[in-house]
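Working from the sequences, and respecting the hints, build out all of it.
Chains as they are written, first to last, in our numbering: chain A, 17 to 431; chain B, 17 to 431.
Hints listed in this document are in silico derivations from the structure and should not be mistaken for laboratory results. Some hints could be false.
Copies of the same chain look alike in the list, so a pair counts if it works inside one copy or between any two.
Derived DSS-like pairs: lysine-lysine, alpha-carbon spacing no greater than 25 Å straight-line [claimed, not checked]:
#1 K232 / K349
#2 K25 / K349
#3 K122 / K85
There are 2 protein chains.
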Amino acid sequence: MTTAVDLIKRAKAASGSIGQANTLVKNAALNAVAELLVARQDEIIVANAIDLANGSQNGLSTGLLDRLKLDEKRIAGLADAVLQIVSLPDPIGEVLRGMTLPNGLKVSQVRVPFGVIGAIYEARPNVTIDIAAIAIKAGSASVLRGGTAAENSNRVLVQILQDGLASVGLDAGAVQTIDQFGREGAQQLMQARGLVDVLIPRGSASLIRTVVDESKVPVIETGDGVVHVFIDETARQDWAVEIVHNSKTQRPSVCNALETLLVHRAAAVRVLPAVLKKLADTGVTIHGDEATRAIYPAAVEATDADWAAEYYTLDLAVKIVDSLDEALEHIAKYSTRHTESIITEDIANAERFLAEVDSAVVMVNAATRFTDGGEFGFGAEVGISTQKLHARGPMALPELTSTKWIVRGAGQIRA
Amino acid sequence: MTTAVDLIKRAKAASGSIGQANTLVKNAALNAVAELLVARQDEIIVANAIDLANGSQNGLSTGLLDRLKLDEKRIAGLADAVLQIVSLPDPIGEVLRGMTLPNGLKVSQVRVPFGVIGAIYEARPNVTIDIAAIAIKAGSASVLRGGTAAENSNRVLVQILQDGLASVGLDAGAVQTIDQFGREGAQQLMQARGLVDVLIPRGSASLIRTVVDESKVPVIETGDGVVHVFIDETARQDWAVEIVHNSKTQRPSVCNALETLLVHRAAAVRVLPAVLKKLADTGVTIHGDEATRAIYPAAVEATDADWAAEYYTLDLAVKIVDSLDEALEHIAKYSTRHTESIITEDIANAERFLAEVDSAVVMVNAATRFTDGGEFGFGAEVGISTQKLHARGPMALPELTSTKWIVRGAGQIRA
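Have a look at this one:
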């Protein structure tokens, strides 16, 4: 019987085919995938309907069922995302550094494929296409564990990816799903050091924590965000109102949404009422410390848990601080090092915030929602890394590659 | 009582001080360390003598005792290595990429310190100075576990590093040794995710394997090498003789030394006798397959274990293959992906070898001993990464840093 390890080995065996393919061939495969997605949308929708029915029966929340659902419009969106990846520059072969050594050796550092990329995520079939398509462009095979809840949808999507590869003569084994093996398959993927070069978890904080804790394969942690905005003493009121509102409410369920607002005491009376009024008008519940509640009595009392909360809802923790130092200390203590922004007119405070806040993205006078591969112009996003190793912040094609050193000699030996 | 975790937290607390220090201050600290090493050499030698005496008593091998030993000349060498790091460019603050987004946001990716770098290594006090000094230049604190066998030497060296930091007003806590906590301290270092940003094991294959398997902190694997040279059909005999001899014998105990020689059958009779004669003259024992032994009867019989052997001695496995394909397959199966070199006059074969061998460093017509931070002109080396995540090949200052994204706005919000 086939095991998850067999399929991981199959991906590894196919990694040479996709790894050596040139850009024209990889783009042809992706174009074929985009066409097949549209041509076979009925098949996808039928498979997806089974997942949705199972999900309803198993009591999946409305939000999760919505993420799971694929319809014509969403399938067209998936095809567009694949075509977007076709249009991006191929990262493979880029020469990053190079030199001629005193002995004449010509040395260059070249971007190369990882080999096999693993991904563990939850019931979002769009991630299946996103990650596999990015892996194809980056010259790597992929092994996907998308969760039992999306098993039927993912099976068809992976068939389409495999058919797209085969249609241009590439080894179809370079995309694999291991959903059918359940949790045991995920375990085997996490143990597959030597077969899988990097593992990317995407999903809830608990899923990511499990993968980070258990994986023997190197992991890129894509993190949830306890994201802060600090309204400094000199902040413009209009910017504060708009940036806080946008950061909190434009899409509250995502990792770059604002969770805690810190306000300099000297700006509180001047700025905070207008900021909180606009939030309240959009239905945001304010969890305030004592000083906030004195200014804004409608706030509920914030507890220690609120400072660490990733609400992902229309809730916001608000704290009034005495100084930039206190804001920096609070951020150092509670931030998940995803994104923080300062609103200020003071250049020294802006520079200090940029230098001292140790997060993947640090901003001045901008909404935290801009931490995004699409907004950064990367054209594709695999997730937002909150670790410091390998990649930090929005990850796209170059972040899904490795490098190697090429040395060209003419008989040189070491003295 | 102080625990290893206390000292790790102390390093974390000090990481802001070293992380925000500018190049002049960091260089001043390193200059002070270099001076103190020489000024306090008697103190170092006394402490080292205790370690050497304990080592003799505990039956350490002559080789290990030699690595452990510090004398005036070696201490001067350590001071020189620190001064060498002073002379290198500061990686921190380098802008790697940047763009202005359509909405006017100015985005840049800047090199920043890791924060806290952990290192686990074995009874080599020179590594204490190397890694701590590189970490200081790279703006990071370091937590060093150098092994109980070097505990007394390391304690004095770490005191000198701390005194050097304090002498320029930096937080002395930015260098810590946890040797005194034995294996338990190493365990706590490996569990310190969130406090330690990256962990670097240096030493035997078994030490590295243990750290890779057990660490919850992201690891950069610095690997041992089953290093191959392939003599292609068209190889020049003189280059083959010199490159193989140099790769094997110039320093057989290190990771970039040759371990397995593959020879194209069509080159064997023409090239191999001269290659093996020069090796034999230097005392190399040849472990040959049947075809090799037919040409060179003095060879001992190679077993399967020889193809996977990291001898680190004057032993060499030799195999005759029918084709470049067979050589590539053998390398794919047995290589530890450190360094491989082809000797050839055939440009197509050279390019194919460079493209298809999936190792940190791939060479044409050059000795494998060139895989080295010093040879590459990096000025300092932390080890040679054989993993694909974050850094691959010789690691120096830039490899011991992370990045962050800086976003400068003027009230932008996301539409």
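Numbers of unmet hints, in rising order: Of the numbered hints, just 3 does not hold.
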